[in-house]
Amino acid sequence: MSGVHRTGRVTALVAAAGLGLLILLALLAPYVAPYGVDVIDLAQRRAAPSARHWFGTDELGRDLLTRVLFGARVSLAIGLVSAALSAAIGVTVGALAGYVGGASDAMLMRGTDAMLSVPRLPLLMIAAAVLAPGVPLLIVLVGAAGWMETARVVRAEVQSVKTRDFVVAARALGGSAPRVVLRHVLPGVLPTAAVSLTLAVGRGILLESALSFFGVGVQPPAASWGNMLYQAQTTMSSEPWLALVPGAFIFLTVLCCNMLGDAQFRSRALAS
Amino acid sequence: MLSFASRRALQVVPLLLLVSLLVFALIHAAPGGPLSLYLDNPNVRPQDIERLRRQMGLDRPLAAQYLAWLRAFIVGDWGYSYADGRPVMDRLLERVPATLQLIGISSFVAVIVATIVALVSSVRRGFDRAATIGAVAGISLPVFWLGLVLQLVFANALGWLPSSGRSTFGGSGTLDRLAHLVLPAAVLAVAHAAAWSRYLRSSMRQALAEPFIMGARSRGVSEGRIVTRHALRNALLPFVTVVLLDASMMASGAVVTESVFAWPGVGGLFTEALAKRDYTVLMAFLMCGSVAVAVLNLVADVVVHTLDPRTRGET
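Chains as they are written, first to last, in our numbering: chain A, 1 to 272; chain B, 1 to 315.
Mixed in with the good hints, there may be bad ones.
[As the list claims (entries may be wrong)] Rough simulated footprint, nothing fancy, chain A against chain B, three-plus residues with beta-carbon under 8 Å:
id, region
1, 89 to 101
2, 213 to 223
3, 249 to 261
4, 288 to 299
Keep in mind the hints are simulated off the structure, nothing from the lab. All C-beta atoms in this analysis are idealised placements derived from N, C-alpha and C, irrespective of residue type, glycine included.
Here chain A stands alone, though its shape is the one from the complex (with noise of 0.2 Å):
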């Protein structure tokens, strides 16, 4: 097993070792960024990658790696905040639906399946082009279509914590719902809620980058990962780069987040 937990700590680590990288480049942007966030370089137009610019350039001859890290900006904004306020609303509905049980629980419940059975993509698609949302308003709308698995996890872990001795003994001794609830069923509930909050952030970087590849999403001039592929897409066979390097770095934060969360949740498995 001590193996097993070893490959599990490694690949935590490199994850989480990359997220961290990504966010740092991203916070330091305008400090690392080769070049001005939109420098048109007429002379230099849909330059392919070379020494000056690593990753070429685009139609304005605007520097893609620059565009890149400012990207992340957003992107990661998005993908870290919306995770943010899906957990929030996920761990509040799931431990009330869990605690007090009853009438309360099935309707959240149903609510919850009811917005489990709208196919996610097309729904947050309306919603953005029906809106046209600037980013805090699309950091809103991602995080309120992503709360449902989170509830599901947490409500059913509240469910079972609440039975155990140490709760019922503090209930016994008079304290009141909330508080039972904040000290002493919730901090049980913090590591199941920390997984699926790893994975939102994946989700929600994915949705925008969907969104914005639909054109329903970010909006140029403001650059993030999903609205440069969208922009790409039509000079795709004579600027490859434009379309390959975005979507590579939506590919790796997602997939150092879903292997944060996977490791996070196998640790917690070994350990129960």
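Starting from the known structure of chain A, fit chain B onto it as the hints suggest.
Just chain B now, with coordinates in the frame of chain A:
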């Protein structure tokens, strides 16, 4: 048995009512309402918009509009496409066969691949690690990007396969149609096989940890037979339900893939309608998609209930 199916079916009704409220609210959240498309059009006068509003009943109270829409939807009157004036139901129905073909073939391939991967994973440790990494990579791939890359490699660079459409214009050969199917089906199959091989592998592991497997081993049953006959049979049931429960993922995948490969299915129609803000088509798509997902979930529950006696005591 029948009573379980009908009781479970009754639960779907309030669920779909909730979904319909959500869909309706979404369209009416548009600034300027469903006719906002015409507000920016210089050829449409404000009087015309006012007339259209009255004609379409958009000046009535929201609750009345919702009930009228719901009644019409249930009896099959889904309205007319804003884009070309044809009945929405006709536009959707003519696209269904292409989508079913794409989803059917890719799901079939994905189930086969997932089964083989899960089988080999449960007997070969090294393969299991590689397969786990491959599966995580597969679910992390942006579907549309995978489509673009495959197009770039196999259509643009190598020229082996056509990049889009369902057949060459004017051509109708079976080979031609097959060639067009390969890339979009491959994209969807990769996405689904990655997810499903993980499910099947973990349910295989659970099955292999059961006491009856140890019993079979102690009787000297060969490892291959234990995996294929004893474990796989028990692991398949939860797997089948997971595949059915993933209908929502299939719908999202079809939208993306059909749009990238210009596949003339329902998903392609959805992105066309999205670009034109063709709300009647969008609403009908979302409702049909949700009904399909809810019905497949119902089927999954009933299948498990019928096949697995252990679940019967619970309800």
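key: 8 Å C-beta criterion, at least three residues: is the region 249 to 261 of chain B covered by chain A   = Satisfied; 5 residues make the cut.
Stated coverage of the region 89 to 101 of chain B by chain A [criterion: 3+ residues, CB within 8 Å] = Answer violated; 0 residues pass the 8 Å Cβ test.
key: Given coverage of the region 288 to 299 of chain B by chain A, checked by CB-CB distance under 8 Å (3 or more)   = Contact hint for the region 288 to 299 of chain B vs chain A: holds, 5 residues under 8 Å.
query = Would you say the region 213 to 223 of chain B counts as covered by chain A, given the rule of at least 3 residues with C-beta under 8 Å?
reply = violated (count 0)
Violated hints, listed in ascending order, are 1 and 2; each of the other numbered hints is respected by the structure.
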